[in-house]
Amino acid sequence: SVCMSLSLLIGTLQGVMAVYEVQNTLQEHIEELSRPRRAHLELDWEAYVQTQLSSVRAVETEWSKLPWSIRALLVVAVFLCMVGHVIFTFFSTECFDSFEVSDPISSFKISFVGSFEGEPSFV
Numbered sequence: 065s066v067c068m069s070l071s072l073l074i075g076t077l078q079g080v081m082a083v084y085e086v087q088n089t090l091q092e093h094i095e096e097l098s099r100p101r102r103a104h105l106e107l108d109w110e111a112y113v114q115t116q117l118s119s120v121r122a123v124e125t126e127w128s129k130l131p132w133s134i135r136a137l138l139v140v141a142v143f144l145c146m147v148g149h150v151i152f153t154f155f156s157t158e159c160f161d162s163f164e165v166s167d168p169i170s171s172f173k174i175s176f177v178g179s180f181e182g183e184p185s186f187v
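Numbers given in this note's numbering equal positions in the sequence shown, counted from 1, plus 64.
These are computed hints drawn from the structure, not numbers from a lab. Note that beta-carbon positions come from the ideal geometry of N, C-alpha and C, so glycine has one too. Hints are supplied without guarantee of correctness; some may be wrong.
To be verified - Estimated spans, in silico, between C-beta atoms of each pair:
(1) E164 / V142: 33 to 41 angstroms
(2) I134 / F154: 27 to 35 angstroms
(3) L130 / S162: 40 to 48 angstroms
(4) C145 / R121: 34 to 42 angstroms
(5) P131 / G75: 50 to 58 angstroms
Model the full assembly from the supplied sequences, consistent with the hints where possible.
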């Protein structure tokens, strides 16, 4: 346990020293690092376009701007999801038969690939 504590302490100190060095290097070369480079113009343009799209998307998808039909549909969908979760949580014994992991699949009387013993399949 002493070895583990010592290695944890050394690893933490190394991490702190690395962060300190990175921060110092950033402060020393902040002008050079913040200046856009010609090689990265396409990336800068892509970042700008994504920022503009995100701002437009945020404004256009505000709840108050959505049509009432879409709002109603979303509310009903969320309500139905919650009802489904409640049913599966509180009435799981009525929804699912009990089984053991070691039970053979053929004992379930259903199949996802054909049928067992002439029984109809769900697929």
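Checked against the structure, which of the hints given earlier come out wrong? 4
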